[in-house]
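Engineer: Position chain B against the provided structure of chain A, taking the given hints into account.
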Amino acid sequence: MRVYHALVLGLVLAGCKKVGPSSDSTAARVQGGAPIVADARIGTPNPPGGEGEWVMPARDYASSRYSTLAQITSANVKNLKAAWTFSTGVLRGHEGQPLVVNKTMYLVTPYPNVAYAIDLTQPGYPLKWKFRPENAQAAAGTACCDVVNRGAAYADGKIVYNLLDGHTVAVDAESGKQLWRVQMADLNRGETITMAPIVVKNRVIVGSSGGEMGVRGWIAALDLATGRELWRAYNTGSDADVKIGARFKPFYATERGKDLGLTSWPGDSWKVGGGAVWGWLSYDPTLNLVYHGTSNPGPWNQDVRPGDNKWTCAILARDADTGELVWAFQVTPHDLWDYDAVNENILVDMPVKGQPRKALVHFDRNGFAYTLDRQTGEVLLAQPYVPMNWAKYINLQTGRPEIDSSKATKQGKLVKNICPSLEGGKNQQPAAFSPQTGLFYVPTNNLCMDFESRPVSYIAGTPYIGANAPETGGPGDYKGEFMAWDAANGRKVWGIREPFPVWGGALVTAGNVVFYGTLDGWFKAANARTGEVLWQFKVGSGVVGNPITYTAPDGKQYIAVYSGIGGDMGLLIAGDVAANLPFDVRERGTTLPDLAKYTSWGGMLFVFAL
Amino acid sequence: MRPILALCATLGLASAIGCVNQSDAAESREPDIVRRAMQQAQQPASAAGQPTLIQHPEHIQPGISLRGGFTQLANPFQGDPAKIKEGGALFVSYNCMDCHGAEGSGAMGPSLADGRFHFGGTAGEVYQSIYEGRPDGMPAWGGRIPDDQIWRLVAYVQSLGANKDVATENFTGKTIQKMGH
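One line per chain: the protein sequences are A and B, in this order. Going by the working numbering, the first residue of the first sequence is number 1, and it counts up by one from there. Going by the working numbering, the first residue of the second sequence is number 1, and it counts up by one from there.
Hint data in this document are derived by calculation from the structure and do not stem from the laboratory. Predicted, not measured: the structure shown is a model, and the values here were computed from it. A virtual CB, placed ideally from N, CA and C, is assigned to each residue, including glycine. A portion of the hints provided could be inaccurate.
[Claimed, not checked] In silico BS3-like links for lysine-lysine, alpha-carbon gap of 27 Å or less:
(1) K177(A) to K249(A)
(2) K128(A) to K103(A)
(3) K249(A) to K271(A)
(4) K556(A) to K597(A)
(5) K85(B) to K413(A)
(6) K410(A) to K85(B)
[Claimed, not checked] Quick look at which bits of chain B chain A covers, simulated, 3 or more residues with Cβ under 8 Å:
(7) 85-91
(8) 137-146
The following block holds chain A by itself, in its conformation from the complex (with noise of 0.2 Å):
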């Protein structure tokens, strides 16, 4: 059978089109020197490494991704040049982004999770090493979304990093050789790794896949040294498991009670209840806080699991020494719709409503940007930042969402058009922010879905989903948004409109510049204050990975960006996917049928220089 799709030609002739300044004050202020949002600090110290080097997933524990590299800037930006690229020799979803350190840069690529160390000092920029680890070729068919990983870290001369079978391997930074593998996830029951994991006062925090699977997520501190597991905390079960105790003081009252982890879902189907943690890692030294997201409850459907789900769909802060739960906030209560809570937590100090707050902004799959105190779990503020239509507002009092009625999913109920769609207003694609400015730079979706849950069985290694969701464009010609949002009220400043969803990641850096690439291959530089376009680069393939920036020997700065279309979204054009039929699963087709058109499979770095 063919299917047509109707090209919305306007949308693609009209490429990106920016949306001003959301008000005249702003307007005003932008043209100034003077930061958007005032007195807002990133709200951890200055990263290991230099100035010119980028040592972890985000650069720093409070997950920035901001540099204080300023060679580049809003005025030279347009003359910035492709200097040198390397091909990965991985044709799937190159989500992540490289590391620099002591003038080396660390790759890590897709399944089969190749590593490559490139030395920066040598004309040509040949390897120092190559490292193919052992990795299970059936965890390629247990990932759900793409055989993506997201990338390594650096720590005490060690490159440490998940391989998608469950192992997490440390490689000698020098050699390329490793020095241990540890077995952290069981493929046999739907487990993958794709996360980037942190390295805390020598401890290696690494977190489970598999949402889609049926699995039970886990987070997990191993010894820098020798790979040994201290501690391991589940994110449902008993308090026990959860690592509940003492120490734990949820700011909402519907968070305490004794093992909610088990009460909040019906029987034992908490074994099988998801929360995984497969996004990105934050650390703040002082208080000794790792924070992470967890993933979805499982099934989709969710007549069988009525229930908060705890703790699926929420921000944790755990001790980093013990693995103790210190404060929980369920962003999403008996998910309904696939909202996975694991995108960054970006911590910031800075004042809202008038006090000075050690702020924790996130950016949720469900639509709303919540800036929360990341002392205790409060929610100061939570507004929508793309087109959201599931919940009437998020009531302050309780930290929940006021859900419409009649966006609520329900076996044997096809419900039509929920904004956003489970890919949420955004996914794994990690904002930025900078302190120059006080602003949060977002890369999102503009995407809807209509749900229908059908019955589901557990059957161990499967996908465990039980319902259709095909997606659309939500309101409006375009599929994306590049924005940036002050948090300290809860509003969006400007936005650059993407006919695609905005899949990639955010840098910006002190030169006043914030760089980002898109499904269809752009790579754009954009003015950090006013969201003005002023340079792109058409890349080998879709860009859903992360930018950096770094001082190379020669004391110039370059800023590196993976090429590679897949992960969740690309996984249309970089998996064997027809995708052409109205009610598939993930049906990339009849969601983005346009996409073929502007990219293809790829696996390639890309350095820029002026």
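Structural biologist: Quick look at chain B alone, frame taken from chain A:
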């Protein structure tokens, strides 16, 4: 091969044919039809007056079984509309759909609706893919679900792919022609 445990979730809303009883699964034997095929395949060819076949397993191409018996299997339900329909229900119940997409359109796992099979598209080859699994993550269902259910799945899968593939995607003009690829 990736082992797979067929378990009934205590909470599960198993559909009529859906959930496999664990004890049945554990007791399942290799189906007769496969055993016969294996025995056939293991007969020295020279016994029937033919030259002896020397195999080089390291040179076997993907999708070509060492155990040739599978490719000789015929589907007792080939083209039977009632069995195809039942196969479609099994395809949902065993969560095949969540990997391979609705009507096999492709998702986590490859499309089954484009007529392009990585490991062969004959009845015997599709049977083998389901029975033995495939190394990229396709679970082995042999011994876990009854043989006649596998054949219903084969009948269903083979009903999906016919004539849907188009080699050319033309992106010019006002519409884009989409097809299974």
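Engineer: Checked against the structure, which of the hints given earlier come out wrong?
Structural biologist: Numbers 1, 4 and 7 - these are the hints that the structure violates, sorted from lowest upward.
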